[in-house]
Every structure is written in C-alpha cells, then in structure tokens.
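Asks: For chain A, the structure is supplied; the task is to place chain B on it using the hints.
Number of protein chains: 2
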Amino acid sequence: MNFIQESNPAEALRAIFRKHASGVSVITMLDSDENPVGFTATSMTSLGANPPLASFNVASGSSSWPALCAAKYVAIHSLTIENVDLAKKMAAAHELRFLDNDWKRGPHNLPIFQTASGALIAKIREIHSVEANAVVIVEIEEGLVGAEGNPLIYHQRAYKTAVEVD
Amino acid sequence: MNFIQESNPAEALRAIFRKHASGVSVITMLDSDENPVGFTATSMTSLGANPPLASFNVASGSSSWPALCAAKYVAIHSLTIENVDLAKKMAAAHELRFLDNDWKRGPHNLPIFQTASGALIAKIREIHSVEANAVVIVEIEEGLVGAEGNPLIYHQRAYKTAVEVD
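Those protein sequence lines, which keep their order, are chains A and B. Taking this note's numbering, the leading residue of the first sequence gets 333, the next gets one more, and so forth. Taking this note's numbering, the leading residue of the second sequence gets 333, the next gets one more, and so forth.
Next up, chain A with everything else stripped away, as it sits in the complex (with noise of 0.2 Å):
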C-alpha cells in the first residue's frame, strides 16, 4: 500500500479535502424582515429526482444560519468562473455581500444574482443538526436558467474550472 496513514481524524479530514473539488453555489434567503442574507457554498448537491431535491450543509454558528432557520425558500445559484469575484465577495464579511446593485428580488422575493447562470428556487423540508453543522435539505419548485458557461470549482483553496482531458 503507497497510502501514508494520518491517524488524526482533523488531519486526515484535511489533507483528503484538499484534494476534492466542489462545485461552488451562492445560497440567498430573506431573513425574518425580508432582507437579503446569503453565502458561498461549495456543499451543494442533488438528493433525487423525483420529487427534485437537493442538499447542502451549513455551519450553525455562521452569519446565515439565524435567516436560514426562520426561512421557507432559498435561492441556489450556480456559478461560472466568470463569477468567481461574486463567490469571493459572498464568503467575505456578510455586511457588504448585498451593497453591489448585481442582484434583484425574484420568486418570494428571494435576492437573484443577475450574473449567475442559473438558479433553483427551493422550499426547505428539513434541517437536520448535526454537532456545530447542518444538514439542509431542499424541494425544487422552479429554476432560473441562464447562459452557458465554465463552471466554478473551489480545489486547494483555489477557485478553478473544469476542463476535459483527451
């Protein structure tokens, strides 16, 4: 066996999720005065088909985490590299992530970025607490497609996108 063994449960976390690449999402809601809060989430991910569900998980001691918790609807948008200023801005201080005039209110009011390629308008079904994080699952009710483009991946800390090989 080539493997090294790291016995540090932290550790091994680590050092095998700076291998893994994830797609990058930015989740928005409105908070229980109807204003906008949301993050950058590289945790999104399709539950099943029928009915259209997906999953994503949060830390509850972040920012967001009082908003998503009063909330019925999320807007999930996907993201191309050409947004990668926007998932940035998102993961930074969240008094800022909403001064940019790049967003307008769409289906239940929810913040819609205008340059995302796309997005799911959602009804969330279940929080489940897990230690300091949360499981979030989701029900589809519509989507916003928009263009084409490449998409953004977050992989060693770095924001990347997606090419074929051969």
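None of these hints come from the bench; they were simulated from the model. Be aware that a few hints might be false.
Identical chains share a label here; the pair holds if one copy fits it or two copies do between them.
To be verified - The calculated SDA-like cross-link candidates involving lysine to any residue, where the alpha carbons are at most 20 Å apart (straight line), are:
(1) K404 - E471
(2) K455 - Q337
(3) K455 - S339
(4) K421 - W397
(5) K404 - S339
(6) K420 - E496
(7) K421 - V497
(8) K436 - I336
(9) K455 - A342
Since we're looking at a predicted model, the values are computed, not measured.
Replies: Below, chain B without anything else, positioned relative to chain A:
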C-alpha cells in the same frame, strides 16, 4: 433578468445540475457477509471539522443500499483523473466492481482501492431517509493519504479535471 423560467421542478433540477460540477469519490463498505460493496458518488462533502464529519447522498433503491444500512464503517476514496476507469466501473454493473486486482482490505477490513489519491475511514453516524433517497452522515476516524494528482470532476455527463484560470 436574462433568465429563462423553468416551471417544471424536475426539469429545473436537471437544467441547473447540468451546469454544476462535482468532485467524484468512490465509497466502499462491507455487507453482512463481509463482502465488498461500493459505488461512485458525486455528493461527498465536508460537514464540519470538530469532530470531523462528512456527508453523502444515496438512492435507497441502489444496489449498495442494503449493505449501507447494515454497515458500521465506510471508506471514502478521493479520485484523480487517473482514476476515471475506476469511477466508471464503480458506477456500472455492481457484480463487476470488485473482480479486478485493484483493491486490498484496509482498516475494519474495508476494501481500499490502491490507486486512489487517498481514503477517509469513517464511522456511519446517521442516515436520514428523504423520499427515495438518503443523506448519510459519517465521522472520520483516520485517513490514508496517497499521491497528489489532478482531481476527478463530473460535469455535463463527462469526467473532467480542474484547472486554474489566468
């Protein structure tokens, strides 16, 4: 707004997930007779660092589902573009997945594919069934860290890798 509204929820999910890129993993376990079982997953994601947690999604109609429900541990393999044939094999006929000489027993007797770039050994903590699917939450015990490589990505029904832009 330059989006086209897709009001069919299943079509919306498909349209947006076609744009979304995912990292590719192979997840293995043992059935109740200690035989190897496993599948290719594009849903593996980190759920938190303390304790180190990960999650993945699975259809409860899949061939691996009965073994997963009985299993205590899984091995989550991270793949590189060199592993594209392994990813394809572990998504094809389940009878053929462990016939080659490319795996050995590792911790907890779990099947470990030797050409993967690494594997997390994890204990299953929770399985949340949602419609015909489930979210599986695991806690990392240790890691087997292999060679570096270009990560394997699934996007628009094709296997790709990640590259930095500019």
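Asks: Compare the structure with each hint and give your call.
Replies: Okay, the hints, checked on the actual structure:
no., hint, verdict
1, K404 - E471, "within (11 Å within a copy, 29 Å between copies)"
2, K455 - Q337, "between (42 Å within a copy, 17 Å between copies)"
3, K455 - S339, "between (40 Å within a copy, 14 Å between copies)"
4, K421 - W397, "within (18 Å within a copy, 39 Å between copies)"
5, K404 - S339, "between (41 Å within a copy, 19 Å between copies)"
6, K420 - E496, "between (25 Å within a copy, 15 Å between copies)"
7, K421 - V497, "between (31 Å within a copy, 18 Å between copies)"
8, K436 - I336, "between (50 Å within a copy, 15 Å between copies)"
9, K455 - A342, "between (33 Å within a copy, 14 Å between copies)"
In summary, the structure agrees with every hint in the numbered list given earlier.
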